[in-house]
Amino acid sequence: MDSSTFSLETALNQLRETVEKMQMSSLNFDENIRLFREGTEIVKNCRKYLDESELMIRQLIDEEKK
Amino acid sequence: MPAEKTEYSVGELTHYIKFRLEQDENLQSVSVTGEISNLTRHSSGHLYFTLKDEMASLTSVMFKGNVMQHASLPGNGEKVVVTGDISVYPPRGNYQFIVRTMRRAGLGDLHQQFLELKARLEAEGLFDPARKKALPRFPRKIGLVTSPTGAVIQDIINTLRRRYPHLELVVSPAKVQGSDAVPSLVMAMGRLLKEPGVELVILARGGGSLEDLWPFNEEGLARAIYGYPLPVISAIGHETDFTIADFVADKRASTPTAAAEMAVPEEREIREQLNGAAQALQNSLQYFIHYRRQMVDDYQRRLSQALENKLSQARQELSLLEVKLQAADMRKPLAQGFTYTLLNGQPVTDPAQLKEGDQIETIFQRGKARSTVESTQSFEN
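Residue numbers (the numbering used here), protein chains in the order written: chain D, 828 to 893; chain L, 125 to 505.
In short, the hints are calculated from the structure, not lab data. Be careful, since some hints might not be right.
The calculated lysine-lysine pairs, modelled on DSBU-like cross-linking and capped at a C-alpha distance of 35 Å, are [what the hints assert, rightly or not]: (1) 318/L <-> 265/L; (2) 448/L <-> 848/D; (3) 892/D <-> 265/L; (4) 492/L <-> 448/L; (5) 375/L <-> 242/L; (6) 265/L <-> 242/L.
One side of the interface only, derived from the structure: several residues of chain L facing chain D at Cβ under 10 Å [to be verified]: (7) 417; (8) 419; (9) 423; (10) 429; (11) 433; (12) 438.
No residue lacks a Cβ here, since even glycine has one placed at the ideal position from N, Cα and C.
Okay, chain L solo, but in the shape it has when bound (with noise of 0.2 Å):
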């Protein structure tokens, strides 16, 4: 800026202000800790807020794009670590931190190790879901690696009871938070494996915060659940919580109770699904049965019909051939010297049916004779 004393205009003053703060590498990329106040989303989707500590306050925009990137944010009064760089935004003539993070204080190393673990085990393939073990639907026996004390192993214990009471299951202990809590978890998940018959691994642990959780989210535990030859069901913290472990584990479940009904089926109802298929297998066979029995009858049915239709046609032709053998005797009473009477070939039984000057024929055992009728006469009876 030249020496002399020169008239600007505020707008020229201001660019100046602007261009030399943002010169400044000291303001550009820096990251700086304080307490969230005055946060409002604007429907543009851009963040505004105050950031402010016991000495001053720092007025702050986060624009929609960075907003995006962050599955969450925290809100009013929370302590955050920021990074971004100073601006000036000229028509209110005043600076402001354009933010392009934000974590919160405190928690943020954790969870930045959280995230690249996850990124990093997540890319080597550790999550991938053709990976996981199927769990067994009947397993029969079932281990629980879990602190020996406290509510988890309880309710867990209570409801592998209640639904599948033959179950056998093998409690494991193991130290589910501190510094050696991975070595001891990896020690009981491997002891499992020495008990012959186990078919399914529970790791569980009741909530806590996230220092607490922190085993969980250890690469070394992760890596031996990878590589654990059975099916693990992971039950770690709320149910808000996911860990590592979470991830590489078989399946993920909500809370202990829930990692219980993951591991088995309710026998009750498997009972009732049995009886039910053995109740319709025996009405079926007994229809079978039952359909059988009217096929045989209507079988001997017909046998019956068919003969008794052939034993009337028997006697039919019984009947007809009687008749002709009695005709046949006719030739008797002829040789004891009776005839009998034809009139135009037909037998006569009746004077009745002759008249006067009929030709008749009288049939004798060895001969016939031709007469014509004088008159009739019937007997009276």
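Same shape as in the complex, but just chain D (with noise of 0.2 Å):
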């Protein structure tokens, strides 16, 4: 994932199409494992992002309060 270009409501558009995709009966399972796979790198991605996110807060208030 590259942090600076990262966008975490685009990433969650991405999230919401794929689980839509996998919900359609018509697909088959292969492309069903391939969209979990995907969608399960996407969710890592998130999660990464709001981690980095929340650390920069924290540092940002702690320097502020120095």
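Two chains, two frames, a set of hints: combine them into the complex.
This is the structure we're talking about:
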């Protein structure tokens, strides 16, 4: 994940689309596995981004208190 | 009046006296100095009083219309200068002074000058609220024009220091009374313009008599304030004193302390507000992150759920296929000589399903035979 270009909102939209595609009954199983892998990767990126953001905010707050 | 002695009625004589007095130019539109006594304000709005000095007293009246043209009127015991006409009140048979204008003696000249200058400068637009400059909200450096000695400078410095410790204050001392006060004040204001970064000037003087405050009623100072490029707060004399400088200044403060309060905000208050805003910002960011985490968790759950659904669908299909596959394998026993039996097209697994006379079909590897049941018998377990 490139954190300088990563967009949380875009990623969340991709996740929503992935889940919707997986819920369509016409999709074959291999395609589902592929989507699940893709979705899991996006989830991982989102969590990483949120963790980094939270850490950055904590640092800013600590700096301000000094 | 005829030379002959004639008899007059009281009314006739009184009216003649009234006529004579009111005809006398020396008794009309005259100014009289005296002390006020027996002052009564009648419910009609007229003012009755006696003007007196060591020698004599003069019954006086000021009618409502004239009373209303005076913003404030002197009281008993005060020396005044009144202007009006001598007249006679026939029912009482006395003469009286009909007062049109009244002012306090002594102060009168200065007060008159003040009113005239005020009216002139006002007409010229020097007090125009639209021309007044706004005060900076967070000044870093302000100037103070006042006497270097006395309580005023101390009050202002203390208030500024308490409210806004980071402020830079430039004191520009000036004479605040006497004939050379105006040039001194104007020069002091000028010096502050050479000081870089001054954003606002306080012009202050403590309380005093009208004469003491007089420099602040001078036209020269008024014009200097009007043309001054920086906002000016005036704090001259006591709360009840209004000078020309107060009218021209961008803001008028009732006391030196009030001027300092007007000039700078309270730093502690600003810090509290800032801290509150920072806290709110942190809270909303943390809430945002929390909310987004929930969304991500939710999507992950739905991803797994969707995959599991597909998985169980696949398992069902698989077991269906398994059944079909097993069915396909039934051909093997037939090759070894086993057969299977159908009644009305349905497989028979127990002779109890059959009765005498039923038509059954027997399936072999390469064909089938039709036969009729004669008897049935179940094996004992």
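- Query: Close enough to count: is the Cβ of residue 419/L nearer than 10 Å to one in chain D?
  - Reply: holds, 6 Å
- When you check the alpha-carbon spacing of residue 375/L and residue 242/L, does it fall within 35 Å? holds, 17 Å
- Item | Interface hint for residue 417/L, Cβ within 10 Å of any Cβ on chain D | holds, 6 Å
- When the nearest CB of chain D is found for residue 429/L, is that gap smaller than 10 Å? holds, 9 Å
- Status of the hint placing residue 433/L at chain D (closest C-beta pair under 10 Å): This hint holds: residue 433/L lies near chain D, its Cβ roughly 8 Å from the closest one there, short of 10 Å.
- Query: With 10 Å as the cut and Cβ atoms as the points, is residue 423/L at the interface with chain D?
  - Reply: Since the shortest Cβ distance to chain D is 4 Å, the answer is holds.
- Starting from residue 492/L, check that the Cα of residue 448/L is at most 35 Å away, please. Roughly 22 Å between the alpha carbons, so the hint for residue 492/L and residue 448/L holds.
- Query: Would the pair residue 265/L and residue 242/L pass a check requiring their Cα atoms to be no farther apart than 35 Å?
  - Reply: Cα-Cα ~32 Å, so holds.
- Proposed proximity, residue 265/L with residue 318/L (alpha carbon, max 35 Å): holds, 13 Å
- Message: Checking one constraint from the list: CA of residue 892/D to CA of residue 265/L, max 35 Å. Satisfied?
- Response: Judged against 35 Å, a Cα distance of about 27 Å means the pair holds.
- Query: For the pair supplied as a hint, residue 448/L and residue 848/D, is the alpha-carbon distance within the 35 Å limit?
  - Reply: Within the cut-off at roughly 31 Å; holds.
- Return the status of the interface hint for residue 438/L: holds when the least beta-carbon distance to chain D is below 10 Å, violated otherwise. Given a least distance of 5 Å, the restraint on residue 438/L holds.
Checked against the numbered hints given earlier, the structure satisfies every one of them.
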